[in-house]
Amino acid sequence: MIWVGWRQQRTETLLAAALLAALAALLIPTGLNMASAYDHGGLASCVGHTDGGGACGAAVDAFVQRFRKLGDLLDWVTLVPGIIGILLAAPFVVALEQRTHRLDWTQSITRRRWVAGKLGLAIVTALVAAVALTLLITWWRAPFVRFQGRMDNSIYDDEGTVVAAYALFALGLGLAVGAAWRRTVPALFVAFAGYFAARLFVDTWLRQRLVSPLTTTWQTKAGGHVLDRAWVLSVNPVDAQGHPLHLAECPAGAGPCEVKAPAVSHFQAVYHPASHFWALQARETALFGIVAITLIAFAAVWTLRRD
Amino acid sequence: MNALELDGLGKRYGSKWALRDCTLEVPAGTVTALVGPNGAGKTTLLQLAVGLTRPSAGSVGVLGLSPQRDARELLPRVGFVAQEHPLHRGFTIAEMLRLGRELNPRWDDALARERIERLELARGQRVGKLSGGQQAQVALTLALAKRPELLLLDEPVASLDPLARREFLTMLMEAVSEGGITVVLSSHILADLERVCDHLVILSHAQTQLAGPIDDVVASHRVLTAPRTDPATVARVHQVIRESHTERQTTLLVRANGHVYDACWEIHPVDLEEIVLAYLGYAPAPLLREAVAG
Numbered sequence: 006m007i008w009v010g011w012r013q014q015r016t017e018t019l020l021a022a023a024l025l026a027a028l029a030a031l032l033i034p035t036g037l038n039m040a041s042a043y044d045h046g047g048l049a050s051c052v053g054h055t056d057g058g059g060a061c062g063a064a065v066d067a068f069v070q071r072f073r074k075l076g077d078l079l080d081w082v083t084l085v086p087g088i089i090g091i092l093l094a095a096p097f098v099v100a101l102e103q104r105t106h107r108l109d110w111t112q113s114i115t116r117r118r119w120v121a122g123k124l125g126l127a128i129v130t131a132l133v134a135a136v137a138l139t140l141l142i143t144w145w146r147a148p149f150v151r152f153q154g155r156m157d158n159s160i161y162d163d164e165g166t167v168v169a170a171y172a173l174f175a176l177g178l179g180l181a182v183g184a185a186w187r188r189t190v191p192a193l194f195v196a197f198a199g200y201f202a203a204r205l206f207v208d209t210w211l212r213q214r215l216v217s218p219l220t221t222t223w224q225t226k227a228g229g230h231v232l233d234r235a236w237v238l239s240v241n242p243v244d245a246q247g248h249p250l251h252l253a254e255c256p257a258g259a260g261p262c263e264v265k266a267p268a269v270s271h272f273q274a275v276y277h278p279a280s281h282f283w284a285l286q287a288r289e290t291a292l293f294g295i296v297a298i299t300l301i302a303f304a305a306v307w308t309l310r311r312d
Numbered sequence: 016m017n018a019l020e021l022d023g024l025g026k027r028y029g030s031k032w033a034l035r036d037c038t039l040e041v042p043a044g045t046v047t048a049l050v051g052p053n054g055a056g057k058t059t060l061l062q063l064a065v066g067l068t069r070p071s072a073g074s075v076g077v078l079g080l081s082p083q084r085d086a087r088e089l090l091p092r093v094g095f096v097a098q099e100h101p102l103h104r105g106f107t108i109a110e111m112l113r114l115g116r117e118l119n120p121r122w123d124d125a126l127a128r129e130r131i132e133r134l135e136l137a138r139g140q141r142v143g144k145l146s147g148g149q150q151a152q153v154a155l156t157l158a159l160a161k162r163p164e165l166l167l168l169d170e171p172v173a174s175l176d177p178l179a180r181r182e183f184l185t186m187l188m189e190a191v192s193e194g195g196i197t198v199v200l201s202s203h204i205l206a207d208l209e210r211v212c213d214h215l216v217i218l219s220h221a222q223t224q225l226a227g228p229i230d231d232v233v234a235s236h237r238v239l240t241a242p243r244t245d246p247a248t249v250a251r252v253h254q255v256i257r258e259s260h261t262e263r264q265t266t267l268l269v270r271a272n273g274h275v276y277d278a279c280w281e282i283h284p285v286d287l288e289e290i291v292l293a294y295l296g297y298a299p300a301p302l303l304r305e306a307v308a309g
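As given, the protein sequences belong to chains A and B, one line each in that order.
Numbered per my numbering, the first sequence spans residues 6 to 312.
Numbered per my numbering, the second sequence spans residues 16 to 309.
Some hints here could point you the wrong way.
[Claimed, not checked] Have a look at the derived ranges for each label pair, beta carbon to beta carbon: (1) S74/B / V195/A: 48 to 54 Å; (2) R251/B / W307/A: 52 to 58 Å; (3) W307/A / A173/B: 42 to 48 Å; (4) G147/B / L211/A: 29 to 35 Å; (5) V211/B / T115/A: 27 to 33 Å.
[What the hints assert, rightly or not] A few chain A residues that face chain B, going by a derived Cβ cut-off under 10 Å, partial list only: (6) W8; (7) Q13; (8) R15; (9) T16; (10) T18.
[Said to hold, decoys possible] Just a few of them, taken from the derived set where beta-carbon distance is under 7 Å, the chain A residues facing chain B: (11) V9; (12) R104; (13) L108; (14) T111; (15) Q112; (16) S113; (17) I114; (18) H281.
Calculated directly from the structure, the hints in this document are not laboratory data.
Here a beta-carbon is modelled for each residue, glycine too, at the ideal position from N, C-alpha and C.
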């Protein structure tokens with residue numbers, strides 16, 4: 006069954022590998038370039054001193070400016086685990102659509118073993134691809150991360166354990182929709198849209214609620230050092246007791262209004278410090294992982310029961 | 016021993032019975048034609064036998080085993096060629112054979128290679144590029160190389176042109192002549208199958224209408240003609256499959272229950288094709304009533 010399973014998902018596996026290879030071809034040269042700029046620019050000694058201005062501040066700014074465009078481009082990498090998962094769901098759905106699963110089921114293999122073999126192979130391949138992607142991006146971003154931390158959504162999404170969970174989730178969604186619908190192209194489009202919607206929901210609404218954020222208040226003049234590398238959810242002007250200021254003086258509908266400077270003596274921020282990274286990752290990974298396993302189990306049971 | 020035993024077998028999709036209360040025995044070593052119009056339940060019957068679907072009622076025994084409970088034991092001993100014989104279109108012929116080897120413990124690689132060679136097919140050719148007839152041959156090769164004791168073929172020649180049909184049936188007959196194999200093949204027409212098969216099952220309206228050795232079937236059916244008359248007296252003794260009337264004459268096709276003694280009927284023998292045609296148009300009375308009531 007291993008050869009058969011591999012042969013049936015060979016095209017998709019090679020496509021996923023080609024996608025990763027193209028990314029590697031882009032990232033490895035620029036990454037080496039970036040690492041060398043980091044080493045030779047003496048930037049290592051600047052880590053943690055970026056607010057001070059001066060030589061360090063300028064050097065870091067120059068470094069970030071030089072590589073930022075590429076970094077922005079990499080925001081799109083967050084789609085890659087979805088593409089990989091959907092791609093690897095395709096062979097299973099194609100078999101159901103073309104009814105070749107019935108050819109396999111009337112050989113000497115039980116359908117249970119067939120389903121287990123096909124799905125197992127897809128899961129392993131998706132995980133391997135996702136881990137490779139994570140390692141590649143994490144290595145490439147390392148110099149950036151030393152200055153900016155990795156709490157920003159666009160970085161958080163590509164690092165740690167969540168990438169593997171995203172890929173598995175996309176795979177599960179593709180398998181589940183495909184098993185129920187048995188039309189490869191529309192099913193996989195719908196699954197990809199579903200993947201995108203779920204990611205958007207988690208990125209913009211759910212993630213910040215997975216772990217309780219911290220709150221800090223500081224005097225206007227002191228500055229908020231504690232927010233360095235943190236994921237800041239909100240910053241609001243407050244009075245000395247920490248009560249939010251009601252900006253009632255602002256005329257309604259007149260656009261952004263300025264609060265009179267003397268009234269604002271303190272600011273309060275709600276934020277996730279860099280130390281929340283792994284707690285957030287663990288919970289988000291568990292969330293997507295459990296949903297993925299449920300979807301894959303649904304695809305398996307539905308396929309076994311339906312015929 | 017029976018290769019296939021159906022007892023009150025039924026399969027329902029939603030509220031519609033695709034196969035209902037079907038009881039049938041197919042003796043081992045026979046070649047049975049399962050004939051019926053499209054939608055009669057032939058595909059359902061074969062899929063139940065190979066375990067691709069579960070029965071809604073009754074039971075099916077294959078080589079003395081249950082396709083559902085004993086799948087692991089039974090599958091290596093049953094070959095199946097599905098309608099339209101779906102193959103992995105992206106596979107080469109060599110890869111199709113490798114699939115057979117990987118998935119079947121009793122796989123006979125020499126037999127498979129020899130058959131493919133005789134078909135003059137290149138092993139590197141993609142299955143999707145083959146003609147319909149060649150694909151059917153590859154599907155049959157795959158099923159035969161399992162060395163099955165029971166071979167089930169669902170409409171194997173329906174989509175083939177006459178030449179491909181003959182080649183396919185020739186290959187099948189060769190395999191049968193080597194012995195030790197029971198074959199059940201379905202078709203909506205009898206043409207061509209007559210020379211391959213020795214048993215006949217007629218399926219229509221989700222039920223078996225007739226089952227038995229072809230010789231017995233031919234021997235037990237008669238065409239009766241008489242000046243126009245009411246066939247009620249004949250129908251009391253014999254089963255009237257088809258009756259037709261002209262102004263002056265009544266013609267009956269009957270399944271005779273012993274001799275026909277009534278002297279006013281002229282008795283003619285009837286060939287198999289006509290018997291089958293008569294059955295395909297025949298609906299037993301209770302089903303007709305049900306159809307009207309429904």
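Here is what the structure says about each hint:
1. S74/B / V195/A: 48 to 54 Å: With a Cβ separation near 40 Å, S74/B and V195/A fall outside 48 to 54 Å, so the hint is violated.
2. R251/B / W307/A: 52 to 58 Å: holds (54 Å)
3. W307/A / A173/B: 42 to 48 Å: Violated: the Cβ-Cβ distance is about 30 Å, outside 42 to 48 Å.
4. G147/B / L211/A: 29 to 35 Å: violated (53 Å)
5. V211/B / T115/A: 27 to 33 Å: holds (31 Å)
6. W8: For W8/A, the interface hint holds, since the closest Cβ of chain B sits about 5 Å away, which is under 10 Å.
7. Q13: holds (7 Å)
8. R15: holds (9 Å)
9. T16: This interface hint holds because 7 Å falls under the 10 Å limit.
10. T18: Because about 14 Å separates T18/A from the closest Cβ in chain B, which is outside the 10 Å limit, the hint is violated.
11. V9: Hint on V9/A: holds, closest Cβ of chain B at ~5 Å, below 7 Å.
12. R104: At 5 Å from the nearest chain B Cβ, R104/A passes the 7 Å test, so the hint holds.
13. L108: holds (6 Å)
14. T111: Since the shortest Cβ distance to chain B is 4 Å, the answer is holds.
15. Q112: holds (4 Å)
16. S113: holds (4 Å)
17. I114: holds (5 Å)
18. H281: Since the shortest Cβ distance to chain B is 48 Å, the answer is violated.
Consistency note: the structure conflicts with the earlier hints numbered 1, 3, 4, 10, 18.
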